[in-house]
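Residue numbers (UniProt numbering): 1 to 289.
If you're looking for bench data, these hints aren't it; they were derived computationally from the structure. Where a beta carbon is used, it is the ideal one built from N, C-alpha and C, also for glycine. A portion of the hints provided could be inaccurate.
[Stated by the list, open to error] Below, in silico cross-link-like pairs of lysine-lysine (DSS-like), each with a Cα-Cα straight-line distance of 30 angstroms or less:
1. K240 - K257
2. K261 - K240
3. K83 - K175
4. K246 - K257
[Said to hold, decoys possible] Pair by pair, the computed Cβ-Cβ distance ranges are:
5. K246 - E225: 43 to 49 angstroms
6. I144 - Y104: 24 to 30 angstroms
7. E194 - S76: 40 to 46 angstroms
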Amino acid sequence: MSENWKDQKRKENLRIILWIGLITLLLLMLSIAGTIRNGNKYEEPAGDFTEVGKAEPKALAEPLEETSSDEIILTSGDEEFLKRLTELFEQGDLEGAARVLSSYEIPWKDFPCIYDGTTMKGKISSGKGLVFIKASTVFYGNFISGKPEGECAALQVLELEEGKRYDYSYGTWEKGKMNGTGECGYHYYDGVTEGIAKLNSKRGAFQDDLMQGEITYTSTNSEGESAVWQFQVANGIIVKDDRWMKDTDDSGAVIYKLMAKGAEIHAYALGESAIGEDRWKNLLVFPQA
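Please put together the full structure from these sequences, using the hints given.
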């Protein structure tokens, strides 16, 4: 009986040892598995962090690529001024445009530049908008390859002793020059003194900025009285006919006179040298590259 008990005891001890071994082995395996899982979880954030780091420089670079190198930054005041000036040109209100242009201190210094209704750029290409040749001179209309093409108007503001004045040209342009029907002249719109013409206009056909054929010349004084003359020109020079009368002025110098249409009391007089000058032309010339 003692031997049987000892034998059973040994068997129980052996079973206990086996159970302990199995439990130890299971704990070891569970520990290893947990370590592997923890290692995998640890690597995932590192991968995410690396991808975010790569994406950030790409996102920051996009706005730099969209910004044009020749774009001129505008303030809200600049934009308001440019939109108002555009509206006045669209309405054909040259005096209103002149008043707005002369009253605003233009901050940009590089010319020429174009405003297309949304942005101001230092490079003129093709499109419609305002083109500033200098702070006091602006063109409005269509442009192709950086030059006026089709319907276009030009305006220049001046402050003179006799008053505030704007010079203007408008009509049809081709390759940066007036070609076709148009008009040019000047208008004293504020503070004009007596004894000078308040408004002068020359209307007719242009060829490469020079007037050709029959033109109509109108002069209006400070009292609002107008006189009109019609005569022929070629390449901007008057072509005299028998209506032009040769005379002398008070100093004895030779002059030529033409009486106004329907108003014999008004005469247009030019000296002998002046009548041969190409003064019948567009004075607001667009710069040719």
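Evaluation of the provided hints:
no.	hint	result
1	K240 - K257	holds, 10 angstroms
2	K261 - K240	holds, 16 angstroms
3	K83 - K175	holds, 26 angstroms
4	K246 - K257	holds, 7 angstroms
5	K246 - E225: 43 to 49 angstroms	violated, 27 angstroms
6	I144 - Y104: 24 to 30 angstroms	holds, 28 angstroms
7	E194 - S76: 40 to 46 angstroms	holds, 42 angstroms
Taken one by one, the earlier hints fail for this structure only at number 5.
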